[in-house]
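A.B. asks: Protein chains in written order, with numbering that gives the first Met the number 0: chain A, 0 to 308; chain B, 0 to 282; chain C, 0 to 225.
Note that these hints are calculated values from the structure, not bench results.
Among the hints, a few may not be true.
[Said to hold, decoys possible] Straight line, CA to CA, 20 angstroms or less: simulated SDA-like cross-link-like pairs of lysine to any residue:
id: 1; chain 1: A; residue 1: Lys-263; chain 2: A; residue 2: Val-151
id: 2; chain 1: B; residue 1: Lys-255; chain 2: C; residue 2: Ile-52
id: 3; chain 1: C; residue 1: Lys-132; chain 2: B; residue 2: Ala-166
id: 4; chain 1: A; residue 1: Lys-183; chain 2: C; residue 2: Asn-55
id: 5; chain 1: B; residue 1: Lys-41; chain 2: C; residue 2: Thr-79
id: 6; chain 1: A; residue 1: Lys-183; chain 2: C; residue 2: Glu-181
id: 7; chain 1: B; residue 1: Lys-255; chain 2: C; residue 2: Leu-56
id: 8; chain 1: A; residue 1: Lys-263; chain 2: A; residue 2: Arg-148
id: 9; chain 1: A; residue 1: Lys-183; chain 2: A; residue 2: Arg-148
id: 10; chain 1: A; residue 1: Lys-149; chain 2: C; residue 2: Glu-181
id: 11; chain 1: A; residue 1: Lys-183; chain 2: C; residue 2: Arg-86
id: 12; chain 1: A; residue 1: Lys-287; chain 2: A; residue 2: Pro-300
id: 13; chain 1: A; residue 1: Lys-183; chain 2: C; residue 2: Thr-79
id: 14; chain 1: B; residue 1: Lys-41; chain 2: A; residue 2: Ile-174
id: 15; chain 1: B; residue 1: Lys-41; chain 2: B; residue 2: Ile-31
id: 16; chain 1: C; residue 1: Lys-132; chain 2: B; residue 2: Arg-17
id: 17; chain 1: A; residue 1: Lys-72; chain 2: A; residue 2: Ala-46
id: 18; chain 1: B; residue 1: Lys-41; chain 2: C; residue 2: Ile-78
id: 19; chain 1: A; residue 1: Lys-287; chain 2: A; residue 2: Thr-49
id: 20; chain 1: A; residue 1: Lys-147; chain 2: A; residue 2: Asp-171
id: 21; chain 1: A; residue 1: Lys-286; chain 2: A; residue 2: Thr-266
id: 22; chain 1: B; residue 1: Lys-41; chain 2: A; residue 2: Ser-221
id: 23; chain 1: B; residue 1: Lys-163; chain 2: B; residue 2: Lys-255
id: 24; chain 1: B; residue 1: Lys-255; chain 2: C; residue 2: Glu-181
id: 25; chain 1: B; residue 1: Lys-41; chain 2: B; residue 2: Ser-59
id: 26; chain 1: A; residue 1: Lys-183; chain 2: A; residue 2: Lys-246
id: 27; chain 1: A; residue 1: Lys-183; chain 2: C; residue 2: Glu-82
id: 28; chain 1: B; residue 1: Lys-41; chain 2: C; residue 2: Glu-121
id: 29; chain 1: C; residue 1: Lys-132; chain 2: B; residue 2: Arg-18
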Amino acid sequence: MRTIRSRHRVSALAGVATALLALSACGQEGSPETAGGGTESSGGSSAAPTYAVASDVAITGSPTYDKITSAGKVVIGVKADQPGIGQKDPGSGEYAGFDIEMAKLMAAKLGLTPDQIEFVETVSANREPFLQQGTVDMVIASYTINDKRKEVVDFAGPYYVAGQDLLVRADDDSITGPDALAGKKVCSVEGSTPATRIRDEHPDATLVTFDAYSKCVQQLTSNAVDAVTTDDAILRGYAAQQPDALKVVGEPFSEEPYGIGLPKGDTVLRNTLNDAIEAAVSDGDWKKAYDFTLGGSGTDPEPPAVDRY
Amino acid sequence: MSSRIDSVLYDAPGPRARRLNAVLTVVGVLVIAAVVGWVVWKLEAAGQFSASLWSPFTYSDIQTQLAAAWWETMKVALTAIALSIVLGAVLAAGRLSTSAALRRVAATLVTLFRTPPVLLLMFWFFYGARGQIPLFWCAVLGLTIYNGAFLAEILRAGVQALPKGQAEAGLAIGLTPGQVLWTVQLPQAVRSMLPSLVSQIVVILKDTALAYIIGYSELLRWGQQAGSFYFNLIPAFIVIAVVYVGTNMVISALAKVLERRMSTHTAARVTPQAATAQAGAAA
Amino acid sequence: MQVIVDNLDAFGRGAWGTIVLFFWSTLGSLVLGTLLAVFRVSPSPALRAVGTIYVNLFRNTPLTLIMVFCVLCLPILQITFTEDSGRQYRAYAVLALVAYTSSFVCEAIRSGINTVPVGQAEAARAIGLPFTKVLSLVVLPQAFRAVVPPLGSILNALLKNTSVASAANNFELISAMRGLVEQNGNAVIAVLIGTTVTYVVLALLLFAGVEVLERALDRDRKGARA
C-alpha cells in the first residue's frame, strides 16, 4: 500500500552544534567574581578566620575518631544550598557558611587542618542514613536536636539556637510576625517542622511547599509568595545575600537548637566536641566564625550553652 | 521539491494558491514571531539578557563543574541503560518462553513494572529501604525496572515480527528453543527494533532528571544550584537544556548511523511507522 | 495496611489532583499536538520548520526540567495567570505537561497521517477539495483512528508524568504519598503499596476508556463503509 510520506526532518546536527558551542566557549580562566552568593558578600569581616589546630590530641575509646585518624581525614556532611550556613560554590566547588566554619573549628580541635576535611552534601532526608551507614563521620547541617532523632543518632552541642522566623521582601511592612499571615502565601520545605507549624497553627495562611528553601526564596523575590518561613539562621543567610531585596522579620516563634550529629553511641567523641564548642565560645573562635558568615545580617547573638544530655 | 506530500495533500500550487500559501505563511510566521517576540520581550523586561547573568558560564571552573554534573547524569543513564537492556532481554525471554508458568510470571512483572510512574519506583527504593540504598542506586534501579519492562515489550514485538521460518530453521538444525531465541531471534529483533530501542534510551536519559526530585546531585540540580548562587536561574536552565537536547540529539544521530549499518542484517521487515508509534509509548 | 484505611481521604485527594492535572493536560496537548501536526504537513516550509524545531526541542528536554523552569522562571518573567496560588501552580504544571506531551501527540498524529492510503487524499482532491478540507474531512478523521493506540500509550505516559508536578507545589498522588510517609514512619511500605495500587487503578480506567473509544471508532468506520 502506498502511503503518504513526510518530508525529511531538519538535520539534528544543528542542535548538536549549538550544544558544542555552549560547552566549548569563549573561555575565561577560573571562577567568576561571586555575584553575591559567596562568603565575601555575606560576611561581616572580609578575611577568612583561621583556627589554631590542636597538636596534642589524645582521644581513646572513640571508634569514629579511630576511623578519622586512620583515614587521615574527617568526612563531614553539610548543606550545599543554604547561603550563610552551608553553600557550595558551583564554580570552585568550595563550601562556605557558618556550619562550614564550625566544621573547620571542630576539625582544628581534633588536630586536623582544613585540608583534611572532606565535605559531603546532605539533604534533610539523608542525614540519619549517612551517619548510620558511616558515609560521613559527623553531620553539621542546620541539624535540629530533637528526641526522635536522638533515638538513632547522637548530638554534640547545640552550637547555635535558631528559631522559626519569616523572610519577607524588604519593602513589605505588612507582615510583622506569624499572626499577620492571614491571607498571605507562605513558602517552606515540604514535610519540614516549620511547614507543619504553619499548617497547624496558622491555617488562615496559604502554605506553598517546595523541596528546597532556595526555591522558596526565588518565589519570594519574583512575588509568587509573600513570605518564606524556616529557622532564622537560614533566612538570615538569604537576607545577607540580597540585603536590598529581602529582610528577616526578627520575631522568632520557636527554638531550634542546632547540634553536631554523630554516630549513635560514640559518647567519647560527643564529650570531646562538647568541650571543643565550649572552648570555642570562651576563646572567641565561635564569634569569629559567626561574624564572618552570618554576622552580615547585623545580629550579635549569645552563643548557647552546651547540653550534655 | 517534488516530495510526495506536496503532490498528494495539495495541488502543485498555481498562482492563486501560491499567493494564498504565501499569505498563510506570512500570517502563521507573524503569529509565531509574535509569540517568540513576546517571550523575548518578557525576558528583556526581566533583564535576562544582561551580560552579567550569562558570563558565569564562560569561566573554565564553571564549565568544569557543569561537565562533572553532566557526567553524573550520564553515569546514571549509562548504568540504567545497561541494566535495563539485561532486564529487558530476560523479561522478553520469559514472555517468549515455552513454559506457560514462566510466561505468566514475566507478563505479570512487565505489567507491574511499567504501570506506576518512574518517580514512584525511585521512591520505592528510597523510602522502602529507609535511606539504606544510596540515591544513585535508587535512581538507577527505578529507571531500570521501568524501562526494562518497556524494552522487553519492544524486543518481544521484534521477535514476533520475524518470519516463522527463522525459528523453524533454527529448530531444524537442532538448536533448543532457548538457543533459537538468544542466537537467532533476539539479535535480529534488536536490529529491526533499533529505532524504538533508541527512543527508549533517550527516554532513560531524560528521566535521569527525576533523580533531582529524590535529591541526587545531577545536571538539573547543579543547574538549579548554580542559578540560585549567581541569581541567573533562567540562563542556567537554558544552558542545561541545551546540554540535554544536544546529548539526546547526538545519541539519536549515532543511532541513525548504526541503524543504516545494521538494518540489512535482519529478516524482519523494518517498518518505520511501527517504530514511531512505539516511541510515543515512552514519554 | 491500617494506614491506608485511615488515610483514604488523603489518597482520594491525591488521586483527584492527579486526575485534574491529567484532564487539563490531555485537553491541552491534544489541541496543541494536532496544531503542530498540521504545521508539519502544511505546504508552508516556514510552518513546517516551526513544527520540526518545536518537536525536536521539547521531545529531547526532560519533563522535570520543563516543569521546574515553568514554576521557578515564569514568575521571574512576571508571567502569571491568577492570584490564587493553588490554581497558579496547577496552571504552571499543566503548561509544562502540555508543552512536553504535545510533541509526542504531534508525532503520533503525523505518523497516523502517513498510514492513510494516498488514494484517499487523491480521491478527495479529485473531487476538488482544497488542502484544509482534504485534511479536515478525509485524512485527519482516518488518521485519528490509526492514532488511537499510540495516543493511548502517550496518555498513559502522561498520567504517570503528572507525578513530576509534585515538585511544583501541586497536590497529587506523589505529594500525598510523601506527606503520609513523613507522618507514618512505621508504615512506609503500606503507603507505597497504596500509592502504587491507586496508579494501577487509574491506568486501568484510562485503558478501558481508550478501548471504548477504539471500538466506537471501529464501528464508525464499518458504518461508513456499509
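A.B. asks: Next step is simple, just say for each hint if it's right about the structure.
C.D. replies: Results of checking the hints against the structure:
1. Restraint check for Lys-263/A and Val-151/A: the C-alpha separation of about 6 angstroms stays at or below 20 angstroms, so the hint holds.
2. Proximity of Lys-255/B to Ile-52/C is assessed by CA-CA distance (about 19 angstroms); at most 20 angstroms being required, the pair is judged to hold.
3. Restraint check: the Cα-Cα separation between Lys-132/C and Ala-166/B comes to about 48 angstroms, which exceeds 20 angstroms; the hinted pair is violated.
4. Restraint check for Lys-183/A and Asn-55/C: the C-alpha separation of about 41 angstroms exceeds 20 angstroms, so the hint is violated.
5. At most 20 angstroms may separate the alpha-carbon atoms for a hinted pair to count; Lys-41/B and Thr-79/C meet this at roughly 12 angstroms.
6. For the hint linking Lys-183/A to Glu-181/C, the alpha-carbon distance of about 25 angstroms lies beyond 20 angstroms, and the restraint is violated.
7. Under the criterion of a C-alpha separation no larger than 20 angstroms, the hint pairing Lys-255/B with Leu-56/C is consistent with the structure, at around 18 angstroms.
8. For the hint linking Lys-263/A to Arg-148/A, the alpha-carbon distance of about 10 angstroms falls within 20 angstroms, and the restraint holds.
9. With a C-alpha separation of about 32 angstroms, the suggested pair Lys-183/A and Arg-148/A falls outside the 20 angstroms cut-off, and the hint is violated.
10. Between Lys-149/A and Glu-181/C, the direct Cα distance comes to roughly 17 angstroms. Compliance with the 20 angstroms bound is thereby established for this hinted pair.
11. A C-alpha spacing of about 15 angstroms is found between Lys-183/A and Arg-86/C, which places the hinted pair at or below 20 angstroms, so the restraint holds.
12. Distance restraint check for Lys-287/A and Pro-300/A: the Cα-Cα separation of roughly 12 angstroms lies within the 20 angstroms cut-off, and the hinted pair is therefore satisfied.
13. Taken as a hint, the Lys-183/A and Thr-79/C pair is honoured in the structure, with Cα atoms around 17 angstroms apart against an allowance of 20 angstroms.
14. This hinted pair does not check out: Lys-41/B and Ile-174/A have alpha carbons roughly 30 angstroms apart, beyond 20 angstroms.
15. Among the hinted pairs, Lys-41/B with Ile-31/B is consistent with the structure: their alpha-carbon atoms are about 15 angstroms apart, no more than 20 angstroms.
16. Proposed proximity of Lys-132/C and Arg-17/B is supported: the alpha carbons are some 17 angstroms apart, at most 20 angstroms.
17. The straight-line distance between the Cα atoms of Lys-72/A and Ala-46/A is roughly 25 angstroms, outside the 20 angstroms bound, and the hint therefore fails.
18. About 8 angstroms separates the Cα atoms of Lys-41/B and Ile-78/C, which keeps this hinted pair within 20 angstroms; it holds.
19. Annotation: proposed proximity of Lys-287/A to Thr-49/A holds, straight-line Cα distance about 9 angstroms (limit 20 angstroms).
20. For the given pair, Lys-147/A sits about 37 angstroms from Asp-171/A by alpha-carbon distance, which is inconsistent with the 20 angstroms threshold.
21. Proposed proximity of Lys-286/A and Thr-266/A is contradicted: the alpha carbons are some 26 angstroms apart, above 20 angstroms.
22. Pair hint Lys-41/B plus Ser-221/A holds up; C-alpha atoms about 13 angstroms apart against a cutoff of 20 angstroms.
23. Pair hint Lys-163/B plus Lys-255/B does not hold up; C-alpha atoms about 28 angstroms apart against a cutoff of 20 angstroms.
24. Straight-line distance between C-alpha atoms of Lys-255/B and Glu-181/C comes to about 47 angstroms, which puts the hinted pair past the 20 angstroms bound.
25. The straight-line distance between the Cα atoms of Lys-41/B and Ser-59/B is roughly 30 angstroms, outside the 20 angstroms bound, and the hint therefore fails.
26. At roughly 16 angstroms between alpha-carbon atoms, Lys-183/A and Lys-246/A fall within 20 angstroms of each other, so this suggested pair holds.
27. For the suggested pair Lys-183/A and Glu-82/C, the alpha carbons sit about 11 angstroms apart, so the restraint of at most 20 angstroms is met.
28. Simply put, Lys-41/B and Glu-121/C have alpha-carbon atoms about 46 angstroms apart, too far for the 20 angstroms limit, and the pair is violated.
29. Taking the CA atoms of Lys-132/C and Arg-18/B, the gap is about 18 angstroms. The hint holds against a cut of 20 angstroms.
This entry does not satisfy hints 3, 4, 6, 9, 14, 17, 20, 21, 23, 24, 25 and 28, going by the numbered hints stated previously.
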